[in-house]
Structure formats: C-alpha cells, structure tokens
Amino acid sequence: MDLSYGEELESFRKEVQAFLADNWPPKDDGNRDDQTRAFRRKATEAGYLNRHIPKQYGGAEQPPDSMKGAVISEEFTKARAPMEPRGIGTMMLVPTLLERGEDWMKEKWVQATIEGDVTWCQGYSEPGSGSDLASLKTKGELVDGEWVINGQKIWTSSAMEADFMFCLVRTEPDAAKHAGISYLLIDMKQPGIDVRPLKQMTGSSEFNEVFFNDVKTPEDWIVGNRGEGWLVSRTTLKHERNGIGAAGQVVNLFNGLVKLAKEKKIDGKPAIEDASIRRGLAELEGYVKSHQYSGFLQMTKDLKGESAGVIQLMNKVNSTNMGNMVAKLAMEILGDDGVAAPDGRGIVGLASGAGDVDGLWTSQYMSSLGVAIAGGTANIQKNVIAERGFGLPRDAAAQRSK
Amino acid sequence: MDFDLSEEQQLLQETVGQFIENECPMARLRELFDDDSGYDPVLWKGLVEMGLAGIHLPADFGGSELEILDLAVVAETLGEHAAPVPFLGHALATESINRAGNDEQRARMLPSLASGEHLASVAFAEDGGVWLPEQWTLAAPSGTTGAISGTKEIVEFGEQADYFVVGLAGGRMAVVDRNAAGVEIQRYEGADRTRRLAIVTFENAECEVLENSDLETAGRVRDVGLVLIAADAFGGARKLVDMSVEYAKSREQFGVTIGHFQALKHQLADMAIDIEPARALYWFAAHALDHVPDEAVRTAAIAKSHLCDRYSRIARDATEAHGGIGYTWEGDTQIWFKRAMQNRVFLGTPRLHRDRAADLAGW
Ligand SMILES: Cc1cc2nc3c(=O)[nH]c(=O)nc-3n(C[C@H](O)[C@H](O)[C@H](O)COP(=O)(O)OP(=O)(O)OC[C@H]3O[C@@H](n4cnc5c(N)ncnc54)[C@H](O)[C@@H]3O)c2cc1C
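Just so you know, the sequences run in chain order A and B.
The opening residue of the first sequence carries number 1 in my numbering; numbering runs sequentially from there.
The opening residue of the second sequence carries number 403 in my numbering; numbering runs sequentially from there.
Source of the hints: derived by calculation from the structure; they are not laboratory data.
Values in this document were obtained by computation on a predicted structure and should not be read as measured data.
For each residue, glycine too, the CB sits at the ideal point set by N, CA and C.
Any given hint could be a false lead.
[What the hints assert, rightly or not] Not everything, but these chain A residues come out facing chain B in the computed CB check (under 7 Å):
hint, residue
1, L3
2, W221
3, P270
4, I272
5, S276
6, A282
7, E285
8, K289
9, Y293
10, F296
11, L297
12, K382
13, I385
14, L392
[To be verified] To give a feel for the contact side, a few chain A residues facing chain B, derived at Cβ under 8 Å:
hint, residue
15, M67
16, M299
17, P393
18, D395
19, A396
Excised from the complex, chain B in its bound form (with noise of 0.2 Å):
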C-alpha cells in the first residue's frame, strides 16, 4: 500500500505553489479582489503554461493525461491561496467534452481548450438549488445541434469564458458559444471575489449537444467537481489554520502573546483536529474516481459535504482568532471566508449531497 502522493504530484503541487506565491503575492491578490476585472489574465496564462488547462486530457488533444488526483493536488494549492483563477469550471467543461463528446467533437474542441486558447466553463445551477443532472429542466434539442433557452445562475467565470457547457434536461449536455445570438451574460455579485459570477440566459442560443451526453457523464463531471471543492475547500482551511497559528505568535495582549491563552489554543487545536484529518478524505475521493469506481459515487458527495463544512467552521473560527482585523475588508481571512461560502454551494450544498450519500448507501 502506497497511500500518499507520488513525488510528482508533490512536484507539481510545490511548482504551482511557489508559482502563485511569486505572481499572486497577498497585496496582488487584494487588488484583485478589489479590482472589478476579476481574475488575472497574467496568472492564468502562466498556470496555463504549466498545463493546468488541460492535465487531465489525453495527449492527442495537448492534454497531460494525468489523473484526478493530479487535477485534485492543483485545486488544493489554489483554494490554499485563493487563487482568482478560472480553474474549477474550465477543469469541469473539459471533462464534460473529453466525456460526453463524440471523438470529431473532442478533437475539434479539446485542443483550443487545453493550450488556454479558450476558456471554458460549466453552466449547470438553476433557480433553487437545483445542481443535480437528474434535476436539470432546459430542453435538450433533438438533434446535435438546435437551439435552447432558460436561465442559469452561479457560472463561475461567466463573464471571461469563451464556451458553456450547459446542463440539459435528461443529463444531456450542450456547449454553447458566449457571442451566439440569445446568449445573454450578466454579472452576478457574489460574495468570493476570487471567483467571480455571472447568471447566462439563453434565449433559441444555438448550442452543441455532446452525442454521448447522459446522466452518467454528466455525473461524472458532478463528482470531479465535488471532489475538487473539497480539495479547494481543504487548502484553504489549512491556510486558514495557519494564518491563525501565526497570528497567535505574534499579537500581543495582555503583555505576552495571544498564543499563550488556553482558551485560543483550544480554539486552534479543535480548528487543526476538525481538518488535518480530511486530507486523506479527500486523496481517497479523487483516487476512487479513477480507481475504485464502486465507491466513487458516495465517497465524492461525502468529502464534499464533509470539507466544505469544515472549511466554514474554519473560517469563522480563523476570523474570530483574528479578533476586530478579522472582521474588516482589510484583513486577511474574509478572502478565504468568502472562498468557503461560495464552495459550499457551487454543486449543492452538503445537505444535498449527504441526502444522496443516504439514498445511495441504501438506507
């Protein structure tokens, strides 16, 4: 047994971290997220250039062919530095594409998408809460190509990206090009600048349906994002507790520093039990993806309930650590406090998903 990450994915988990360490430094992220562009072109393309765009994708189409768990270790690295970057719901599209798609589809369409040519993202959320492929209500076109209308909410990156993919009813699945006729974006305020959001309407946009697109690919694509929400959802909890730790050693009251009062300690350390733990939560979800199919299902929902509401908890305990500064714009921790609002909804909430984690244990 070997359950730990190989020494390349440890490699490419220091290389992205250092990368953004360099190029996204704390005050370059607090100007993003105060600016109104919402994510950093120079960033990304940098990310793109190491072959985030497209790791999980075959070869032929420029991808990497690398596993989920690769894909995983990288979301983990962004959530630990809220990196504003259209990582999630480029990842997400492509997978639906390299899935649900004949293969003229995928190799007309994967290759632009794996250079970071063109940006993709999933728009998959309608009007409440409704997240699940089975719940999906626009009408698929009978053919591969037709028209569809409806609205969906919570598009990550909706106002950058140059492709949808769109949730259809029955799980079928459509891309959709942002400058078809009847494509309407609008920007969406959300709390996690970091990750901004738009809600597309389609009004007879003319779309694409992925030929192979059923409630299974589409689920697949559902699990892969669970699963790197919950990646995302431990980085950033992690750094939460940190930034924590550190402030405790620094902050002085009292006449000696805050680290030295049990009650904090105690705080902190329930803070470390609550998370270290699911590190290993989550490593098992992605890897069951790809290898231990008959858990895969369960395991996804659950690490994704499961991290996202340690993350919250972090995150309010990692403010009020803080004491006054942790409550301002201007300190730190409200970046990842929002980062953790916004992954426990993106896909469904953890109620959703432990529901289904019930139904689907059979109980």
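For reference, chain A alone in the conformation it holds in the complex (with noise of 0.2 Å):
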C-alpha cells in the first residue's frame, strides 16, 4: 500500500499549480463569464479540463489516468478554479454521444455543451413510468422524415432552461418493452413543446413537466438505432453512475455539519459539547472514512483495470445513506431552529462548507431526499445490487413484464 502519488504525479501536480499562478484568477477584470470561458478554453489547452475528450470535438484528448485527473481536481479545487461546468449535458450526453453517436453529432454539440454554448435536459421519466422507465409511452412515429412527438415527461430537471432534451421516446409500438424505444434528441425551442415548472418541496423550481403536441425532430437525430434507446440509455447510466457518490462531498458536506455543530446552541453550549451530538458525528464519521477510503480502493482498482466487485454498485446508495444521516444530525443540531423554511440554495457544504444560515441546512434535510429519489430510487439500487451484486433471483413482478 503506497497512498504517496509518486515522483511523476508530483511533478505534474508542480505544472498544474504552475499553470495555475499563471492563469487563475484572470489579472485583468474583465467580464467573470467571458474570463471563465477563456479560462476553460486554455487549461483544456494545456490538457487539464475535457481530458477524455478528443481534440476535434474540442476537447484535451489526453490517456484516461484517474489519478492525474485527482491532481487536477485537489489543485484546482485548492485554488478555487472552475473545472468543466457540471451539469446533465457534459456528464451524460457527452459521454454517450461520444460512444453512441454519429460523427457529425459529435461535431454538432460535443464543443458547444462542454462549452456551456447549450444546455440539455434528460427527458425519461413519465407520470407513469419511474422505476419501471421501460413501460414509458411517450410515442414517435416517422412521418415524412421526420420523428412526430406526442406524450408527456416530468421531473424533468432544468427543461426550462435547456435548448435540447436527450428522449426516450417509444416508436416500434409491436415490439417488446425494451425493444421498442428509441433515443431521440429533440430541439426544446419549438412549438408544441410545454414546458410548466413543478415546485419542489424545497420551494424551488428545478424540476417540470414536459408536454408533446406534435413536436417534431429530423429523422437522423436518434443516438443508436432505432428500438436500440434502451441500451443507449444504460451507457448514459453507466456515465451517471460514475459521477455520483463522490467522495469529495460527503467529506465537504460532513465538514459542514461540524461547523454547525461548533456555532449553534444546545442548552446555552456549543452543540458539539454536547455528548449525543459528539458521538452522533463520530459514528458518521466511520461511515465517511470508509466511503473517503474506498474512493482510494476503487481508483486503485480502476487503474490496473480490475473490478472493485460489489461495492461499485454502493456509490449511490452509500451517499444517499449518508445524506441522510447528515440531514437528521442536523436537525437533531438545529433544535428549534428546524421550523425554518428552506432557503432553496441546495446542498450545503458542496462549495462553500458554509453551516450559518438554518434555511440551507433545512433545505439540506429536504434536497437529501431528492438524491435518494433521483437517477433510480435506493430501493431499486438495492434491487440491483442483490440481483446483480448477489446473483439473486430478478423480481417475480419484473420478470413478468419485461
């Protein structure tokens, strides 16, 4: 066991901070957004940003190596440099485009999404069809060359905002359940399209409802063939999957709670003076250390290309586990305090480790559920991972329908 980086990395680490000093924060004070861009554009120059991504489509282009990805990340971080804008468009589409997609679609949006030029949504789930996404019946037909769309998404994060949706649109109607969709990209920006905000227990509006009156889309705008969108979409998911449950969060986000824990007040003492809170957050802490620590087994595993077994199927159960905990010690921290309306800015602790606003920390309470729900609940990730993980029998019910 060797936790060092080793010589290489360190001196690349040296040309990553130096590259830094060199360009972050930007000298001059021009606009933030124009300075950010250019930022992006040169560090993906200089290989540090999109590095999985060829040149051509605007990307770095470098051999995937995850653990000069983990310098880029820690020194950036350090620094408070933008990385790659997060978001659904760079984590699931580009990837899938990548492998799946034609090479003029890779020309047409690769660059422009990493870019942040175009924003997407993830068009799959229907008021009917959740967990059970297969069943969904939104329908495409070709008419004269092109995909005639009627039906109805919802939870359909940021579509209001989004200039393109990445669908999952049922077009072979005799076919099978998984054999009939299709992966359709759609332009948002059409008649036909209704997009109405749903409000989140939160208050705010991420999320909304997506309605088709006859939308329509070119012929050629299908990722894969056609009936062949559910085996796109488990690329995408593989995608989703590897970017969530990073350990970087929950080590932030626990940071967090113990800030808390030293600025409110139990029975006129510092919370963390109070003996159930103290152990409450060293018993979370063992679950913390174990994620922090199996995020080094995993990219150890990762590395020499072998399989860390069972426990890649955790990630998102593990964090939604944890998300939880830090929520309920919170309130447990807040006391009184917990009647407070959530203030809608999210998950605390991500960027700014902050804990001294009560309405963040409701709102943490609130979102925790919402990462427990999303991407697949914790209920069908515990499916997967005694069928999958245990060789456990499939579900009588699903079995039935598939």
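Need the complex rebuilt from these two chains, each delivered in its own frame; the hints are there to steer you.
Following this line, the structure appears as structure tokens:
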C-alpha cells in the first residue's frame, strides 16, 4: 500500500500549480463569464480539462489516468479555479454521443456542450413510468422524414432553460417493452413543447413537466438504431453512476456539519459539547471515512484495470444514506431552528462549507431526499445489489413485465 | 497511489484462510465451540509455523518484520473463520514487549514468544469498563522488578497463556509469569467460545516492568488492538453476509427460494452496504499506524467503533435471515454473533472510543 502520489505525479502537480499561478484568477477585471470561458479553453489546451474528449471536438484528448485527474481536481479546487461546467449535458449526453453518436452529432454538439453554449435536459421519466422506466408511453412516429412526438415527460430537471433534450420515446409499438424504445434528440425551442415548472418541497422549481404536442425532430437525430434506445440509455446511466457518489462531496458535507455543531447552541452550550451530538458526529465519521477510503480502493482497482466488485454498485445508495444521516443530525443540532423554511440554495457544504444559515440546512434536510429518489431510488439500487451483486433471482413482477 | 493489498499480503491472507479451512472446517469448529479445552493446539501450532506468532517482530528475535496491515489482514481472516486461536492477546503482548521493553528485555523475552514456544496475553481491563492506559489503577513497583496486586478481567485465553502483559498505573506495563506465586486464574464464561476468557488476580505477584513503558507505548498497543479487532469484525461481518446470501439461495418457502422475496433481498443488500466500504477504513487505520502517524490514533478509534457496531448489526440481521435455525445453538451464525459481542467490548465499547475521537478532534 502506498498512498503517496510518486515523483511523476508530484512533478505533474507542480506543472498544474504553475499553470494555475499564471492563469487563475485572471489578472484583468473583465466580464467574469468571459474570463471563465477563456480560462477553461486554456486549461483544456494545456490538457487539464475535458481530458477524455478528442481534440477535434474541443477536448484535450489525454489518455485516461484517474490519478492525474485526481491531482488536477485537487489543485483546481485549492485554487478555486473552475473545472468543466457540471451539468447533465457534460455528464451524461457527451459521453453517450462519444460512445454511440454519429460523427456529425459529435461535431454539432460536443464542443458546444462542454463550453456551456448549449444545455440539455434528460427526458426519461413519465407520470406512469419512473422506476419501471421501460414502460414509457411517449410516442414517436416517422412521418415524411421527421419524427413526430406526442406524450408527456415529468420531473425533467432544468427543462425550462435547456436548449435540447435527450429523450426516450416509444417508436416500435409492436416490439417488446425494452425493444420498442429509441433515443431521440429534441430541440426544446419549438412550438408544441409546453414546459410547466413543478414546485419542489424546498420551494424552488428545478424540475418540470414537459408536454409534447406534435413535436418534430429530424429523422437522423437518433442515437443508436431504432429500438435500441434502452441500450443507449444504459450507456448513459453507466456514466451517471460514475459521476455520483464522489467522496469529496460527502467529506465537505460532513465538515459543514461539524462547523454547524460548533456554531449552534444546545442548552446554552455549543452543540458540539453535547454528548449525543459528539457521538453522532463520530459515528457518522465512520461512514464518511469508509466511503472516502473506498474511493481510494476503487481508484486503485480502476488503475489496475480490475473490478472493485460489489462495492461499485453501492456508491449511489451509500452517498444517499450519508446524506440522510447528515440531514438528521443537522436537525438535532438545529433544535427549534429546524422550523425554518428552506432557502432553496440546495445542498450545503458542496462549495462553501457554509453552515451558518438555518434555511440552508433545512434545505439540505429536504434535498437529501431528492438524491435518494433521482437517478433510481434507493430501493431500486438495493434490487440491483441483490440481483446483480449477489446473483439472487429477479423480482417476480419485474420478470413478468419484461 | 496504490490503495490495495500487495501480492504478498494477498498470498498471506489466502494461505492462512486455506489452512484454517482445512484444519478447522465447520464440524471441527463446532466441536471446539462445545468443548471445554478452549482452543485447538494443532490449529494454533500450524499458524505459529507460518510465522503468525511473530509476524511484526524484528528478525533478530525470530520475527518477520511485517507491518500492522499484515497483522490486520491475518486478523480479518481469523475473524472470517471465527478461528479459535489466541492470536489477538499474543500479538498485543508481543507488541507491548517490543515497544516498551529495553533491549535486554526484548532479546530475552521475544524469541520464545515469536517461535510460539510460549503463549502470551494481555491483562488490561479492570472492573467498570476500565480499558484505557490512563485509567489503569494497579500500582507499579518503583524498580524494574517488584510485586503487583489487583484484578484484571476479560483476559483472552488467560487460562492458556504462559505470560501476561499487565497494564499498570501511569501506562506502565509489566510481564507476569502465570506460575508466579500470587497469580490466580479463574475461568470466566464468556459468550464467545472461540476466544475464552479469564479473570486474573495478582496478590503480591512478582512482575517485571517493561522499562520504557509509558502512556505512549501503551497507547500504541491499544491502537494496534483496536485495528486488529476492527479487522476481525470486518472478516466476520463479511462472512455473515455471504452465509446469509447462500442461505437465501437454498432455503425454500412458498414454493420458491427465499431469495425471491424483496424484503429479504433488501435486508441482505443493507447488510452489505453497511460493511463493504468499511474494509477500506480498517485498511487505512492499519496502514496509518506505520505510515501516517498524525491520523493513526483517531482513525483507530473510529475504525474500532464503526466496525464493531456494523458487525453487531449484521450479526443480528444475519441470524434473523436464517429464521428459526438462526436462533439455535446448532445454527452457525450464533458463533459469529457471539464473536461480535466480544469484539464490541474488548479494549472498550464504541461509545468510549467515539468520545475519545471527539476529544482528539478538539470538538
Ligand atoms: C430531484 C429530482 C430530479 C429528477 N430529475 C429527472 C430528470 O432530469 N429527468 C428524468 O427523466 N427524471 C428525473 N427524475 C425522476 C426520477 O428518475 C424518478 O423520480 C425515479 O426514477 C423514481 O420514479 P417515480 O418518481 O415514478 O417513483 P416510483 O417508481 O413510482 O416509486 C415510488 C416508490 O416505489 C418504490 N418502487 C418502485 N418500484 C419498485 C421495485 N421494483 N422494488 C422496490 N420498490 C419499488 C420506489 O423505490 C419508491 O419508493 C428526478 C427526480 C428527482 C426527485
């Protein structure tokens, strides 16, 4: 076991540090957005951002190296320099196009997406099809060289702002459930699309209902072949899973909680001096550290080209569990202040580690639930662990409806 | 970065596991569990021949100079098989002598312990949950030799050990020969019959104080112990998950194997989610003892608390997953269930070490 980064990586770290010293923060005071954009482009040219994307599509085209990736992310975080824009487009659509898309699609969308010029939303869930996604009904018919789409999507995050949607649509009505679906790309700024925001329990409106009324998309805006949409979406989910459960977020969240416990009072004393809070934090730290070091283990296995086994299936439900534990303990610490309305800023601790606003923590208390539901509920994750991880038989009902 | 076991460590783990599987299959383990003799000398002798009695000791004294992580992966394997051998006490006693003895004491005492000719154990606990070096009360003699008086509890394999390393006031540690006058050893019926217990009373018993013993060296021994127990807990908990999954694949009710039922599937998944990531926690804790001193003490405390709690939970769930047979003496899960009980207490409960971890963080 060797937790050092080794000489080669340490000299790589120095390169990254030198690059950042020269380029971030920008010396002149221009428009912040333009500066960020220019910085990202430079960092990509230097090979630090968009590493897995070919040069012709605006990436750095570096060989995969998760250790270098870790060094870059450590140094960029330290310098508070922007990494790639996080978003469903960069995290899910771009990898899917690179793996399964036509060349013209890559040319048209990859660079524009990673540079933040176009944004995407994910149209999978429908009112009747959440966990049982393959039962989806939104219909796509090929009429005179165009797909004509009718139906409804729901819980679509960021559909309000998005330029395009990657969407699962039933195009082969006579085929079996999983074989009748295609993966279509849709321009969101066209007549026939009606986006209605849904208000979340936190008070903010990040997700929406999307209604399609004779919405059109060109025949060739399909990723993979007709009827292969389910397989294509699995590719995407693989990338989504890889993105979820990163330990850094959990560690930040935990640190934010410790900070909260130092600031808040219980019975006139800092909450952190309360025996049950101290033990609660120490217990939680056992989970947080387990998750953190398991990240090291998974990275090592990845570097060696080995599988980390069943633990890989657990990352999402693990971080879900920890989000819940953090939220519960935060409410213990807040005491009466736990009646505050959430302030809608989403998950605390991720960027700022701030813990001084009650509303931010009630927001965390609620939004930790969103994580437990989105991208496949914890129950579904447990099915996957039991069925794929342990080899237990598939659920009888799920079996029948296949 | 390479956060994984080395090939040698994997081989060590496999070799030990294979040996126990051959020497002490379930039927033999059951026999020993029900027998009064305490442990299997043949099994222990075989492990000693593999070098396990002195794995971490200097080569000059017959050891193999391996790291705490090596000791820990062995502990995991022993935990997995619920091996009825006096490994833990012996490892901690030899670590005490190696860390706290002067050169002459080490040269005199360690070779016969490293070779397994003699067996040692630690006598640390006192009545009322006293485990920590700073709480030990038995008065230490002023010189290197002298007499001690007092009672120590929860001494693993106290009836079988030739020597005890005894915890004294101020973190001092002394070695006592079991045959010395004034040493009384009394069997204690512990639930875990894979690691038998005794109460040892010293009445003006002659001892030899380890010259360099102090709170720091005693703390090191405590931390090694915490990590070894965490490792044992991981091995045991993992084994219980595997046993439960196997059972779910074979036991039939309502005309199908019970693994069809989602409530049980989720129970099994929850057990695995609870324990699987904790392997990396005990690895890091063991690694830190040799290589990351700044983090070693706190991580050992957290690892011990975390893994012992996880093991207890999984032991209950696994037993429940086995239905009625799980609740019988005849069922297998009870053996690990009881090992989890002993792990929880030995060297201090999760609550004790969480409080320490909080103090150490300056909370
Ligand atoms: C914050 C947020 C953002 C989202 N963003 C998007 C998005 O951008 N695009 C998109 O397409 N979707 C999005 N979703 C939708 C999300 O993917 C679905 O909500 C999720 O898959 C669950 O589906 P459902 O809501 O229909 O719940 P249901 O499937 O109706 O589930 C209800 C309950 O039944 C349980 N259940 C269902 N089936 C089983 C089973 N087989 N075994 C055990 N339990 C079961 C579930 O675990 C859950 O507890 C988002 C959701 C949230 C909360």
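Now the hints, each set against the structure:
no. : hint : result
1   : L3   : holds, 6 Å
2   : W221 : violated, 39 Å
3   : P270 : violated, 9 Å
4   : I272 : holds, 5 Å
5   : S276 : violated, 11 Å
6   : A282 : holds, 4 Å
7   : E285 : holds, 6 Å
8   : K289 : holds, 5 Å
9   : Y293 : holds, 3 Å
10  : F296 : holds, 4 Å
11  : L297 : holds, 5 Å
12  : K382 : holds, 4 Å
13  : I385 : holds, 4 Å
14  : L392 : holds, 4 Å
15  : M67  : holds, 6 Å
16  : M299 : holds, 7 Å
17  : P393 : holds, 5 Å
18  : D395 : holds, 6 Å
19  : A396 : holds, 6 Å
In this structure, the earlier hints numbered 2, 3, 5 are contradicted, and the remaining ones agree with it.
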